[in-house]
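A.B. asks: The lines below spell out each chain.
There are 2 protein chains.
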Amino acid sequence: MEEQIEMVGRAFVDHYYHLFDHDRSALGSLYQPSSMLSFEGQKILGVEDISAKFKQLPFDQCLHVISTVDLQPSAVAGGIVVFVSGSLQLQGEDHPLRFSEAFHLIPTGQGSYFLQNDIFRLNYG
Amino acid sequence: MEEQIEMVGRAFVDHYYHLFDHDRSALGSLYQPSSMLSFEGQKILGVEDISAKFKQLPFDQCLHVISTVDLQPSAVAGGIVVFVSGSLQLQGEDHPLRFSEAFHLIPTGQGSYFLQNDIFRLNYG
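These protein sequences, in sequence, are chains A and B.
As numbered in UniProt numbering, residues 1 to 125 make up the first sequence, in order.
As numbered in UniProt numbering, residues 1 to 125 make up the second sequence, in order.
If you are wondering where the hints come from, they were derived from the structure by calculation, not from laboratory data.
Hints may contain errors.
As the list claims (entries may be wrong) - Rough simulated footprint, nothing fancy, chain A against chain B, three-plus residues with beta-carbon under 8 Å:
#1 6 to 16
#2 25 to 31
#3 47 to 60
#4 71 to 78
#5 94 to 105
Unchecked claim - For each label pair, taking beta carbons as the anchor points, the in silico distance ranges come out as:
#6 A:P58 <-> B:M1: 30 to 40 Å
#7 B:R10 <-> A:G111: 18 to 28 Å
#8 A:Q89 <-> B:E3: 22 to 32 Å
#9 B:A26 <-> A:A77: 30 to 40 Å
#10 A:Q89 <-> B:P33: 41 to 51 Å
#11 A:S25 <-> B:Q91: 46 to 56 Å
#12 A:V65 <-> B:H95: 17 to 27 Å
#13 B:R24 <-> A:G109: 23 to 33 Å
#14 A:L90 <-> B:A11: 16 to 26 Å
Said to hold, decoys possible - Far from chain B, some chain A residues (derived; all Cβ distances over 10 Å):
#15 D21
#16 M36
#17 F54
#18 V76
Just so it is clear, CB atoms sit at the ideal spot from N, CA and C, and this is done for glycine as well.
Okay, chain A solo, but in the shape it has when bound:
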């Protein structure tokens, strides 16, 4: 159980930020109609609007570097709560931005997972 969570959770984190940095338009495949993204305080519901948000972000190239990953079993069977901290380097910016992000990963029933909850915040100060 614990090993399964570690394996799935870490593979998800690698996959998510790899897609974000290299093929952002494919990120929408990780969400479902019930999914919610909170991006710097803006709440966005459902695959289409979430995909549109990623598309509209005001930078093209970026690189996420992960500092910490915390994983816990969730109250949903097979679900995983994921908490990530790291830094985000935007093209043309001198300094990376620190961020934290929380996810709730839920099994689709077809052997994969989707993101029910995704909350992203830059860390200021």
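We have chain A already, so just place chain B on it with the hints.
C.D. replies: Using the frame of chain A, we list chain B on its own:
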């Protein structure tokens, strides 16, 4: 629904950090035997061990100042995913520490809520 989440979520955040800063020994009442706390990477399961962890923290007085609160409905009926960022002032320290914390709040069925998941991280860098 949205209003309920805002009301409950914000009341929870106020309550949690008020207890933490003024009556830390009472924090255990917010957890159940299935609850998990990840504190700076250390995983702790269940009310007793979580209460013991809070008791053992190497500072007496502290003050949390909240910067942002993000709330989302969870996949569990009535559940709420909570994401908080803020700063933590420890007694005798010159500078506050930045932190982020994610919670999964679940209804007890008796009109209140408990914390199934709690993940705390200081933000460095």
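A.B. asks: None of the hints should be skipped; say for each whether it holds.
C.D. replies: Each hint tested on the structure:
no. : hint                         : in the structure
1   : 6 to 16                      : violated (count 0)
2   : 25 to 31                     : violated (count 0)
3   : 47 to 60                     : violated (count 0)
4   : 71 to 78                     : holds (count 5)
5   : 94 to 105                    : holds (count 4)
6   : A:P58 <-> B:M1: 30 to 40 Å   : 32 Å, holds
7   : B:R10 <-> A:G111: 18 to 28 Å : 38 Å, violated
8   : A:Q89 <-> B:E3: 22 to 32 Å   : 39 Å, violated
9   : B:A26 <-> A:A77: 30 to 40 Å  : 31 Å, holds
10  : A:Q89 <-> B:P33: 41 to 51 Å  : 42 Å, holds
11  : A:S25 <-> B:Q91: 46 to 56 Å  : 49 Å, holds
12  : A:V65 <-> B:H95: 17 to 27 Å  : 24 Å, holds
13  : B:R24 <-> A:G109: 23 to 33 Å : 41 Å, violated
14  : A:L90 <-> B:A11: 16 to 26 Å  : 37 Å, violated
15  : D21                          : 19 Å, holds
16  : M36                          : 5 Å, violated
17  : F54                          : 18 Å, holds
18  : V76                          : 5 Å, violated
When each numbered hint is compared with the structure, violations occur for hints 1, 2, 3, 7, 8, 13, 14, 16 and 18.
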